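Asker: Listed below, chain by chain, are the residues.
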Amino acid sequence: MIDFLVGRQLKSALGNPRKVLFGISLFFNIGILFVFKYFNFFIETFTEAFLLFGKPISYNSLEFILPVGISFYTFQTLSYTIDVYRRRIDPTADVVSFFAFVSFFPQLVAGPIERASNLLPQFQKTRIFDYHKSVDGLRLILGGLFKKMVIADNCALIVNNLFENYTDYSGSTLFCGAIFFGFQIYGDFSGYSDIAIGSARLLGFDLMKNFNFPYLSKNLIEFWRRWHISLSTWFRDYIYIPLGGNRVSNSRLIFNILIVFLLSGLWHGANLTFLFWGLIHGAILICTVFISKYKRLNVFMDNQKSIAIDFIRIGITFFIVTIAWVFFRAENITEAFGYINRIFSTSFFSIPQGNKLFLILLMGYFLIEWFQKKREHLLDICHISLKPIRYLIYYATAFLVFYYGGDLQTFIYFQF
Amino acid sequence: MMKVFIRKILVFIIPILIVWAVLECFYKTVASNYSYKHRLISENYDDIETLILGDSHAFFGINPEYLDTRAYNLSNISQSLYFDQLLFEKHIDSLPKLRNVIITIGYYSLSQLPNTKEDVWRKYFYRSQMELDVPVIGPFDFKKYSLSMTRRFNKSVSLIHTYVEKGTIIGCDATGWGTYYENTNGGVLDIESRATAKRHEDFLFNFEENISRLQSIIAYCKKIHCNVYLVDMPVYEGYLDLLDSNKLEKITKSCSDLAINNSNVMYINLRQDPRLEKSDLYDPDHLNHKGAEKYTKIINTIISDPKNDD
Numbered sequence: 001m002i003d004f005l006v007g008r009q010l011k012s013a014l015g016n017p018r019k020v021l022f023g024i025s026l027f028f029n030i031g032i033l034f035v036f037k038y039f040n041f042f043i044e045t046f047t048e049a050f051l052l053f054g055k056p057i058s059y060n061s062l063e064f065i066l067p068v069g070i071s072f073y074t075f076q077t078l079s080y081t082i083d084v085y086r087r088r089i090d091p092t093a094d095v096v097s098f099f100a101f102v103s104f105f106p107q108l109v110a111g112p113i114e115r116a117s118n119l120l121p122q123f124q125k126t127r128i129f130d131y132h133k134s135v136d137g138l139r140l141i142l143g144g145l146f147k148k149m150v151i152a153d154n155c156a157l158i159v160n161n162l163f164e165n166y167t168d169y170s171g172s173t174l175f176c177g178a179i180f181f182g183f184q185i186y187g188d189f190s191g192y193s194d195i196a197i198g199s200a201r202l203l204g205f206d207l208m209k210n211f212n213f214p215y216l217s218k219n220l221i222e223f224w225r226r227w228h229i230s231l232s233t234w235f236r237d238y239i240y241i242p243l244g245g246n247r248v249s250n251s252r253l254i255f256n257i258l259i260v261f262l263l264s265g266l267w268h269g270a271n272l273t274f275l276f277w278g279l280i281h282g283a284i285l286i287c288t289v290f291i292s293k294y295k296r297l298n299v300f301m302d303n304q305k306s307i308a309i310d311f312i313r314i315g316i317t318f319f320i321v322t323i324a325w326v327f328f329r330a331e332n333i334t335e336a337f338g339y340i341n342r343i344f345s346t347s348f349f350s351i352p353q354g355n356k357l358f359l360i361l362l363m364g365y366f367l368i369e370w371f372q373k374k375r376e377h378l379l380d381i382c383h384i385s386l387k388p389i390r391y392l393i394y395y396a397t398a399f400l401v402f403y404y405g406g407d408l409q410t411f412i413y414f415q416f
Numbered sequence: 001m002m003k004v005f006i007r008k009i010l011v012f013i014i015p016i017l018i019v020w021a022v023l024e025c026f027y028k029t030v031a032s033n034y035s036y037k038h039r040l041i042s043e044n045y046d047d048i049e050t051l052i053l054g055d056s057h058a059f060f061g062i063n064p065e066y067l068d069t070r071a072y073n074l075s076n077i078s079q080s081l082y083f084d085q086l087l088f089e090k091h092i093d094s095l096p097k098l099r100n101v102i103i104t105i106g107y108y109s110l111s112q113l114p115n116t117k118e119d120v121w122r123k124y125f126y127r128s129q130m131e132l133d134v135p136v137i138g139p140f141d142f143k144k145y146s147l148s149m150t151r152r153f154n155k156s157v158s159l160i161h162t163y164v165e166k167g168t169i170i171g172c173d174a175t176g177w178g179t180y181y182e183n184t185n186g187g188v189l190d191i192e193s194r195a196t197a198k199r200h201e202d203f204l205f206n207f208e209e210n211i212s213r214l215q216s217i218i219a220y221c222k223k224i225h226c227n228v229y230l231v232d233m234p235v236y237e238g239y240l241d242l243l244d245s246n247k248l249e250k251i252t253k254s255c256s257d258l259a260i261n262n263s264n265v266m267y268i269n270l271r272q273d274p275r276l277e278k279s280d281l282y283d284p285d286h287l288n289h290k291g292a293e294k295y296t297k298i299i300n301t302i303i304s305d306p307k308n309d310d
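Protein sequence lines correspond, in order, to chains S and P. Here this note's numbering is used: position 346 in the first sequence is 346, and no number is missing along the way. Here this note's numbering is used: position 110 in the second sequence is 110, and no number is missing along the way.
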């Protein structure tokens, strides 16, 4: 309601009152997010810092239940206010449309984080049933269910066991565990996004694409263009570019990238593990940016035509992303470093324990993505002209969902 | 175009609906442990003197054949005290000769909450095939109308496969005793103990709800002059070592208190029984055929002893 009212006033306000109004909106949005999500983290960190200097202080932590999806809809409403403030969009006068924009059910709890310029006008125009769009919506939902129930939920069982008992396993097994988590979080989150986008499409709404085969990225810059696109573009448009983007000095560029990735880590949760995850991505992305700037070092950044080199680049990017996932998944920073230490021990070169067939099947899934990489999504098979083949693929996917769906697991991103 | 869309969806889901109908028909017509036990207890109401309740420890571990009295084993895999109480209340007034009620108490029996993961599909089978009124099933829960929706598709396919292969999916004999944990040599008990202990650790210490369920059963039994035997079945020591000793102590104390405070209750603690051999066990916490025979005879000796009567 505050954002709606502020937006209305921003239309006519000029000068300082305009800035005050904008400040009010930022204060409430970020304030609510801070209190619910970060207050305890900061107060505990400060207490520990004081303790380090021999000055123990007492504090009271807040016992709140974190509202589901708070990070998603806070960022969505923030984007509305910022765009209105920058006069990129006109504020809406329709309160129902505004509330629908903030609480649109398919993407309310885990995104994609929509922009008002894309979603808001869609509530105001008349929607007409579109056959092809609806069919594609169903394909997205089916593909999303496959990713979530078959890939993510089955990986989760292995991952949970490995992370809980990582001291019992060899480095190679733990590395496989990190790969499984990479597939789990990808299947879980991109599966949810596909279901959300598909459901919205059935209702006649177009939501933005959130994933574009990210594990086929050839470097980390590309990875962030393909992974959680709605969040990475949000940070690009509202943090990175206002800070000066890449048209700044080298030291400032390093600062800008690090700030964006640390904030991205913090957005995921108030835990040092997420900050480290952001730091790793930020640090390697800085290296990637500088490598691409210097032509001599640019061998791996150029667009090569060799599939073999492409695969090597994809492999290196996947390896980096996989190692960084350990920090994302670990319960605390000690566990994360313990897990990483065990991976990079001599046992890394041993034969991994456990189910290797599933790992091979996941690599098979990788190949399917490779063949589909120029398509819109996993089940975008409208180019197959033979109807029976298309139906066979749909039924096979449905069968896999019903038959191999793992034990029900909560969506990982619901906690954010 | 919308009509075409709806028509195509309907055509697409027809094969799925057919599969669903076949599965539903299978669950409704083929006898399971639940429907089989319900039918047999109903047919033997007038003869039953001993009623056995509990989870898999009773299901596989107490064979009514070796009890002197005419007994029926109404226990089932993962049957919590919540369902023990519901079953007891449903049948008790129809059992005129009942003298003994045996209830097994395992590591998690007293702390188990109703409607957990274990009950996620079982509760519908109790409702549908054992005619229980199960309060944890909500009025708008559509699964109560379709048993095939309650089980995972691969489990249903596996059950159909078993039925085609063996001609039945019933896993117990006419006395209700679970028959498919056959004799083993106990070779992998140490390996299994760790996983089993981890699976059973619920970190719950609140016994209040389940103790009050037991008290309710005990009070009714007292009224009809019936004895209640709380039996802690024997388990592998390697498994026992991995369990929380404080919780085990609390279980012992709670059951002992029930026995001290109620003249019709006896606590038979066989948890660390020295007579247990590795070859008696199917896995760390379940007896096999040999172990079931041995320990049912031991339980029989205890409950037949006139010194233990009143």
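None of these hints come from the bench; they were simulated from the model. It should be emphasised that the depicted structure is a prediction, and the values quoted were computed from it without experimental measurement. Just so you know, not all the hints are guaranteed correct.
Distance condition first, Cα-Cα at most 27 Å in a straight line; then the derived BS3-like pairs of lysine-lysine [what the hints assert, rightly or not]:
no., chain 1, residue 1, chain 2, residue 2
1, S, Lys-133, P, Lys-117
2, P, Lys-117, P, Lys-90
3, P, Lys-90, S, Lys-387
4, P, Lys-198, P, Lys-28
5, S, Lys-387, P, Lys-3
6, P, Lys-28, S, Lys-356
7, S, Lys-356, P, Lys-198
8, P, Lys-3, S, Lys-133
9, P, Lys-247, P, Lys-97
10, P, Lys-3, S, Lys-125
11, S, Lys-133, S, Lys-387
Which stretches of chain P does chain S cover? Using the computed rule of at least three CB atoms under 8 Å from a CB of chain S, they are [unchecked claim]:
no., region
12, 41 to 52
13, 253 to 264
Residues of chain S clear of chain P, computed beta-carbon distances all greater than 12 Å [said to hold, decoys possible]:
no., residue
14, Ile-24
15, Thr-47
16, Glu-63
17, Ala-100
18, Lys-125
19, Ser-292
20, Lys-293
21, Arg-313
22, Phe-319
23, Ala-398
24, Gly-405
A virtual CB, placed ideally from N, CA and C, is assigned to each residue, including glycine.
Asker: Does each hint fit the structure? Answer for all of them.
Answerer: Hints and how they fare:
1. S:Lys-133 - P:Lys-117: At roughly 38 Å apart (the allowed maximum being 27 Å), P:Lys-117 and S:Lys-133 break the hint.
2. P:Lys-117 - P:Lys-90: holds, 24 Å
3. P:Lys-90 - S:Lys-387: violated, 55 Å
4. P:Lys-198 - P:Lys-28: Violated, because 35 Å separates the two Cα atoms, which is more than 27 Å.
5. S:Lys-387 - P:Lys-3: Holds, at roughly 19 Å.
6. P:Lys-28 - S:Lys-356: Violated. P:Lys-28 to S:Lys-356 sits at ~39 Å, over the 27 Å cutoff.
7. S:Lys-356 - P:Lys-198: Holds, because 24 Å separates the two Cα atoms, which is no more than 27 Å.
8. P:Lys-3 - S:Lys-133: OK: P:Lys-3 and S:Lys-133 at ~15 Å, within 27 Å.
9. P:Lys-247 - P:Lys-97: Violated. P:Lys-247 to P:Lys-97 sits at ~36 Å, over the 27 Å cutoff.
10. P:Lys-3 - S:Lys-125: Holds. P:Lys-3 to S:Lys-125 sits at ~23 Å (cutoff 27 Å).
11. S:Lys-133 - S:Lys-387: holds, 18 Å
12. 41 to 52: Coverage by chain S is violated here, the residue count being 0 at a Cβ distance below 8 Å.
13. 253 to 264: violated (count 0)
14. Ile-24: The assertion about S:Ile-24 holds, with a minimum of 43 Å to chain P.
15. Thr-47: holds, 27 Å
16. Glu-63: The claim stands: S:Glu-63 keeps its Cβ more than 12 Å from every Cβ of chain P (closest is about 20 Å).
17. Ala-100: holds, 22 Å
18. Lys-125: At roughly 18 Å from the nearest Cβ of chain P, S:Lys-125 sits farther out than 12 Å, so the non-interface label holds.
19. Ser-292: It holds; S:Ser-292 is separated from chain P by about 47 Å at its closest Cβ, greater than 12 Å.
20. Lys-293: Correct as stated: the minimum Cβ-Cβ distance to chain P is 51 Å, above 12 Å.
21. Arg-313: At roughly 38 Å from the nearest Cβ of chain P, S:Arg-313 sits farther out than 12 Å, so the non-interface label holds.
22. Phe-319: holds, 31 Å
23. Ala-398: violated, 7 Å
24. Gly-405: violated, 7 Å
Going down the numbered hints, you'll see the structure goes against 1, 3, 4, 6, 9, 12, 13, 23, 24, while the others check out.
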